[in-house]
Amino acid sequence: MNLFSFKNEDLDLEKKMNINLKNATIFQVMDIALEGQEVDYDVYERQVILSKGEITVPWVNRIQQEKTVTGFVSDQQGNPLPGVTVVVKGTTTGTVTDAEGEFSLSIPAGVKVLQFSFVGMKTQEIPIAGRTAFTVVMEEEIIGIEEVVAIGYGTRERASITSAITSVSFEDIEDMGTNMRLDEALKGKAAGVLIRESSGQAGDAPYIRIRGTSTLTSGNDPLWVIDGVPTTDRSVISTMNISSVQSINVLKDAAASSIYGSRGANGVIIVTTKKGEKGKTKFNASLKTGLQKEEKRVDFLTGPEQIEYVKAARDNAYVDLGGSLDDPIDERTFELQYPPEWNEPGFVAPHYDVQDFVFQTGEILDFSVNASGGADFGTFYVSADYLNEEGIVRRTNYERASVRANATFDLTDYMSLNVSLNPSRSVTFMPGAWGKGSVLHNTITCPQMFPPTTGIPGYEPMPQYGRFRIQPLHTARLLYIDDELSQDQVMANGSLTIDILPELEYKIMGGYYYTVRDQETFSDLRITTIQNRLPYGSYGGNRRRKYVGDQTLTYEKIFNNVHNFSIMAGFSAEQYKYFSSSISGSNMPTDMVPTLNAAADINGSTGANEWSLMSYLGRVNYDYDKRYLLNLNIRRDGCSRFGKDRKWGVFPSVSVGWRIENEDFFHSELFSRLKLRASYGLMGNNQIGNYTHIATMGMAHYAIGTGESLNSGYYPSNLGNRELTWESMRSINLGVNIGLFDDRISLVVDAYRNVTSDLLMNVELPAHTGFGSQIMNIGEVMNEGIETQITTRNLVGDFKWTTNLSFSLNDNIVRHLGPEDAPILSGAWYGQSNYTMVGHHIGAFYLLDQIGVWNTQEEIDNNPHWEGSEPGDPRILDWNKDNVCDENDAHMMGRIQPVYTFSMGNTFRYKNFDLSLFLNAAGGNKIMNVLHNRGFGSSSENKAIHYGWWRDFWKSAEDPGNGMTPQPNANRTGAQAKWTDKALYDASYQRLKNVILGYTLPSTLTKNIGLSRVRIYLEGHNVWLHDNAPYVYNVEADLSEGQPISTTGSGYETASYPLPRQLLFGVDLSF
Amino acid sequence: MKIINYKKMRALSFIEIILTVFMLISCNEDFLQLEPISSISEGKYYQNEDQINGALIATYSRFGGLAHEFVTLAGFRSDNFQFWQYSERAYAANDWSQWRSGLWEGLFNMVFRANQVINNLEDLDEQDFETNKSQYEAEARFLRGYAYFWLVRCYGQLPIVTGALSMDEALDMPRSPISDVYTMIEEDLQFAVSNLEGDSHKGIANKYVAEAILARVYIMQSGYPVNTDKYNEAIPLLEDIIQNGGYELEDNYADIFTLEGENGPEVLWSAVCDDDQKGRQHSEDHMLDPNAGPNHHSYGEYQTGENDFDRSDLWLSFEEGDSRKEVSVATTGFTSDWVEWTGLWCKKYLYGYVQGIGWTSDYIFVRYANILLLYAESLHKTGHSSIIEDKWGIVNRIRNRADLSDVSASDGDFMDILMTERRHEFIWEGVRWFDLVRTNTFVEELKKVRHDNAADYWKFLPIPKVEMDKMAGQWENNEGYPW
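Those protein sequence lines, which keep their order, are chains F and W. Every letter in the first sequence is one number past the one before it in this note's numbering, and letter 826, counting from 1, is 826. Every letter in the second sequence is one number past the one before it in this note's numbering, and letter 111, counting from 1, is 111.
Possibly wrong hints are sitting among the right ones.
Below are the DSSO-like pairs computed for lysine-lysine, each with C-alpha atoms no more than 27 Å apart in a straight line [what the hints assert, rightly or not]:
#: 1; chain 1: F; residue 1: K274; chain 2: F; residue 2: K293
#: 2; chain 1: W; residue 1: K325; chain 2: F; residue 2: K577
#: 3; chain 1: W; residue 1: K44; chain 2: F; residue 2: K644
#: 4; chain 1: W; residue 1: K202; chain 2: F; residue 2: K647
#: 5; chain 1: F; residue 1: K507; chain 2: F; residue 2: K89
Don't read these hints as lab results, they were simulated from the structure.
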């Protein structure tokens, strides 16, 4: 006879039930009897004690009775699933399934629920209910549900997020292929994030704009947070190996980013690296190899065409200046001459394909291994990788190797330690091969009527070619110069987590990185003989060092089952220091020593700068019954970059959400999820320069005395500004998350308006202050946009088909520009055609509009025309309709950043085959080919007339060519010499970015050779492209190396490094 | 199964530790007070004699760029040269579109640098100085006075700036009457005269230089448009220079401007330009560069422009045999590293051309010939008895050096002869325009050289348009100008 003890109020005494069991233990009986009631029991000898909550009966010795349960876990197809974690819910007691999908676990008496979890599968909770044997079928997890999202100083379930955060998981990235930069991999994956791949050179950074451009003069880069270490330094993330990344979360609105305060305005990208899992150690190896070549070539004039053009231009100019074509050529001024044999009958101009000379097919090798696992001590993940990419431009090369070690140690039950170490090295050969003044710029524009190697010792001699310059020097640079950039880096961080109370967690984190970049160049005699000088070389190096320390206290508790609180408070401090050095050596008597040792003249300098940040932060998350969600963030930042009187700023935000799907009144077959979100907040941009607020002294020299000895002194070279501070952004975001048909379709839509004010600008000062200007916080820009992300599972079952769509629109408007709202004129290095004007887009193209070519004098006389126009001259649009064509007819002709971005990814799986196709597109903006806009007659005319655009030029009224290309003239006057939209192209493109076809070998086959998984695949990148810019290699290009010269002056193509078209074959092995 | 006993952990002590760590880090505000490492912040400078001296050097060095403005202004606005291309037309009075603001900005920047020295000196202790503190103040005030002397002659009424201004203070500042500006200039220069030593270091001011400039200030005021006779005050200053300064005329006029003859006995003060390459690494050392100023014209269309030999008033005004003509005005081609000069051009500063470096001529502010001619003028105006030869004797000394014969009262009006002499003696030395203004002859002289619309209001330059715009209606521009 058992004795039952209980309190009356704990038990439903009215409830009656019949249970038929044979040979059951008392535990099995009680488990069944009390199922569904919040009543616990314990057994002491023959007494059964019933109570609510955990039994704490100090006066009895509890029976330490354990029982063993066993089971089999499979996927939906019935294949055994090894590695599934089985734990007793709410405890750390657990195990993992073996290779046969089976498990056996000893559980204490009184436990009720087993939890089964596996990456990519829905976590299942199975009541024990007295059973000892289990068969569990794991279901694939629907993407986006119950996913945990990194939100900065913590994580949160996606369902309860109220701000605009886009998550990209490792699986998403893997679909893109893994031999690319981390930032590149985000392309098209997150709506509202523009990744502009301005260079195809491996290792070069694309630039990233989250929700448009929100500053005019300050830094535009988003903040990256890598395992808790923040940086805006893109070179730091350049060497990260993608395959060790677990997830990337992009924080887009104020409610998400304001936890990063004065650095949140450009958006935040949080990168979390992989951790190991307890259980059997898993190994993974992957090898990829392939070839790449340029994605696109542009249309240049052939040698004969170029000669025809040059002749016409020089002849026309000579006639214009009063000469006659019957005069001997050597009577002309030098710049109008050309080799007389060009006029000889039967002369056939040679043609050399300069693009054949410049481009090559490059080989790619990418290899990586990793191992992960864990045991009682904790978990580990280690990986190593090596990548070598031969560039598509002659002699360019990129090589990278990195190692990562992540480990978690369970020090005690309540304390765990996390450490991560990530050394890496990369070497770029010919890093500055592209952009203005680069070897590519100068080589690719060599005229095709001369061999590219003309003038180089050992190659063909230079012919007589008049003033037509060719570039033997730059060709020689491409062939012989040694220019190597290496980067060595260590990233490290460690954190200690202590559970002070079950609800209260303390975490202290320390992070560090150290990056050393060295660039060495050497020009040997083969180059310097052409330049008429002795060998020379240079060394440029920099070191960056960052420390960061955070402490956070997080309190999470559910009250009365419906009030869910999560409160975080923290403190953070960080410091960054940058050292640089540069040495140049020249006049080396020999080139046998490729360092600067042999240099007769050596110059050098070093420099350093630093900045620091100190912050208090806090967050409250509250939800009522998973229906009404509230999130409050606040951060107080103090930064060395701010002026004395404005050192500290406060950045608050609030967001709310309503999960309608959880309302009792909401019953819908259609909607499986429905959440409305709204947020508002304040963020800052502190990328304003380290010492901008401080007046600094400039050095001046003055000679004194009859000996003219030089004396040095200092003067204030700028005015400081004690009130200089961050640029501030007010951001509002409205969003909705929708799941339809049991989440077969999921949809996220966000709309935002960001107003950035206090923009840093140079404000004109009356000169009697001693200075013409001072930097102040003034100026305002607004960004508005809509982002949509749709995931559909079109087919499930044996044949699976998933589609990801993302689409975003962005519009920016300048609202205020200093006291007088004076427009900012900027542009490429020798032409200004970007206007930043109140009421318009930042840096919009402002040009004359060429609408044709004048055919007859009569036509000119009867229409508004540029003064002095003649037949064959460009016809400019009389934009302002004042019946005169002049400079005042220039007008806004397009923006530099895309209006829309679109991407579509499709993944198909059938049995062992998988196929993914990723397409992306952007457009609505323009790009200008600067070289093309220069005209004949300039000093680099060979570059200007290189493009096929000039082919079908105007010759006479009877032979007017294509109606757009004017008559060539080396003596350009009037409208001929003006910058027009002729070189302005639609920058829209559609690109089949990636195609990956994979086949996983049947497990029956692989098991025999001891492997758990073998997948082979073919990968294609930049497979197909459509654009409308025939003379632009890459419509995403921009002027300088990775970064536009300025925010207000960009959108230019200048011999960019084309994107590579790659074909790779790869094997992944797991065991 | 393990059961965690949280009570054992003494939760409270954890919180105590954490709070302590929080407090320790957060109290340290110094963490945020970072100053530039690779450059000097203003707050750290002006702390000792060496730094004051350095700040003074940097004030002098501001003449870089300005010397070129002085040359172009006094040359192009006067009847000496007309040239219609590029920036030079900026100082020709009838082309508003290209009006330049470099002179205004540069001079006020110089005033700012001088003010920084003067005001920071106040906080320093006399005992910490090896040299007299007042010596530094005198030099700084000299430079401020000199800068204002240029400003007042060019622009008339001016804001009197004696310290750092905020934007609001600058906007509130009125243009003071010309007499107030001159009073300030006189005070500065008088302070310099009493506190500067007499010994000479070429390139920087000494007592005699201050006296020379002050004398010019007095004589300028004696003429148009101020018309306050101060010749009597100029005389003792000029006599002190003549008697005690130890300066003398160079024997050969041409030697004054050659690299070898630089800093000769005739030069009181010049902005010294180092002809060693190291001195030219900084743009402000670029004292005078014909490439940026008196311009090249290697291309055809300008060769037959306004500086035709037979149309040049200056060229035609020389007496037969005047050796200064060939020294001052180039008539033949001159080729630098990359440009060829032809036609009539400024030659004085081309002698300092060094292949591979550029133009290294010093810009001469005051030389002894000017002291002598100003003395002769003062003798003429006051009837004062000379301590050297009489006014005709002085003029003839200058003429004889230029291989010209003596003149006397029978040859014409003394002032006419003196002014012609000054015109030929000081071509491109920042003199001619102001001589025309103070003698109030500029309208008639300019009309002779095809400035048919010359008028009285040309005596002052307009305040640059950008500055008037910045002042947003607070100021009225000089009479006659359209903005």
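Outcome of the hint check:
As the CA atoms of K274/F and K293/F are separated by approximately 33 Å, the hinted pair breaks the 27 Å bound. Between K325/W and K577/F, the direct Cα distance comes to roughly 62 Å. Violation of the 27 Å bound is thereby established for this hinted pair. Between K44/W and K644/F the alpha-carbon distance is near 15 Å, which keeps this suggested pair within the 27 Å criterion. Restraint check: the Cα-Cα separation between K202/W and K647/F comes to about 48 Å, which exceeds 27 Å; the hinted pair is violated.
Distance hint between K507/F and K89/F is fulfilled; the C-alpha atoms sit about 25 Å from each other, no more than 27 Å.
Checked against the numbered hints above, the structure violates hints 1, 2 and 4; every other hint is satisfied.
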